[in-house]
Amino acid sequence: MPIKSAGLTTSSVIDTTRHVVQDFLAARMAGDVERLVALFADDVDWLLAENPAVPWIRPRSTGAECAAQFMELAEHTVAEDARASVDTFLVDGTDAVLMGYLSGTVRATGKTFEGPFALRLTVEESRITRHHLYENSVSIAEACTPS
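Residues in the sequence shown are numbered consecutively from 12, following the numbering used here.
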């Protein structure tokens, strides 16, 4: 029997989380910043290890700032070289964890970066309230540093 939580069954919470994350991934792949802004909550718990060598990595806290990160990433990397694969997609209530591998090329240096990633998202009231990304920041910083 499904557990009830705030008038919703656990099953419907999981379905909502999965749907929002899938929508997020589709908007991300399409570069649909307007949709990304709509998917992020007004206030977001954003975590991405600060890295002064990487221009698109900085603290963020609003939905608009979070969506802008994807535009900044596109400005600083070569779109044709960008790759990301998701090999694990777990959902537990309002939380989702994606794990996979990403790679790309920094436009200014021509250097590449790659490595595994894990992304934790939390969805509340059909909007993303948490975005915690763990990635190979050393590889990315090296790719952003001129020779």
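In short, the hints are calculated from the structure, not lab data. Source: prediction; values computed, not measured. Check the hints yourself; a few may be wrong.
[As the list claims (entries may be wrong)] With beta-carbon atoms standing in for the labels, derived distance ranges:
#1 ASP53 <-> ALA90: 27 to 35 Å
#2 VAL89 <-> ASN62: 31 to 39 Å
#3 ASP43 <-> ARG94: 16 to 24 Å
#4 GLY111 <-> ASP26: 46 to 54 Å
#5 VAL149 <-> ARG118: 30 to 38 Å
#6 ASP92 <-> GLN33: 30 to 38 Å
#7 SER158 <-> GLY104: 29 to 37 Å
#8 ASN62 <-> SER22: 33 to 41 Å
#9 VAL89 <-> ALA60: 19 to 27 Å
#10 VAL108 <-> SER158: 29 to 37 Å
#11 GLY121 <-> VAL149: 13 to 21 Å
#12 PRO157 <-> SER22: 47 to 55 Å
#13 GLU125 <-> PHE81: 24 to 32 Å
A virtual CB, placed ideally from N, CA and C, is assigned to each residue, including glycine.
Consistency of the hints with the structure:
no., hint, result
1, ASP53 <-> ALA90: 27 to 35 Å, "holds, 29 Å"
2, VAL89 <-> ASN62: 31 to 39 Å, "violated, 19 Å"
3, ASP43 <-> ARG94: 16 to 24 Å, "holds, 19 Å"
4, GLY111 <-> ASP26: 46 to 54 Å, "violated, 22 Å"
5, VAL149 <-> ARG118: 30 to 38 Å, "violated, 19 Å"
6, ASP92 <-> GLN33: 30 to 38 Å, "violated, 25 Å"
7, SER158 <-> GLY104: 29 to 37 Å, "violated, 47 Å"
8, ASN62 <-> SER22: 33 to 41 Å, "holds, 39 Å"
9, VAL89 <-> ALA60: 19 to 27 Å, "holds, 23 Å"
10, VAL108 <-> SER158: 29 to 37 Å, "holds, 36 Å"
11, GLY121 <-> VAL149: 13 to 21 Å, "holds, 18 Å"
12, PRO157 <-> SER22: 47 to 55 Å, "holds, 52 Å"
13, GLU125 <-> PHE81: 24 to 32 Å, "violated, 19 Å"
Going down the numbered hints, you'll see the structure goes against 2, 4, 5, 6, 7 and 13, while the others check out.
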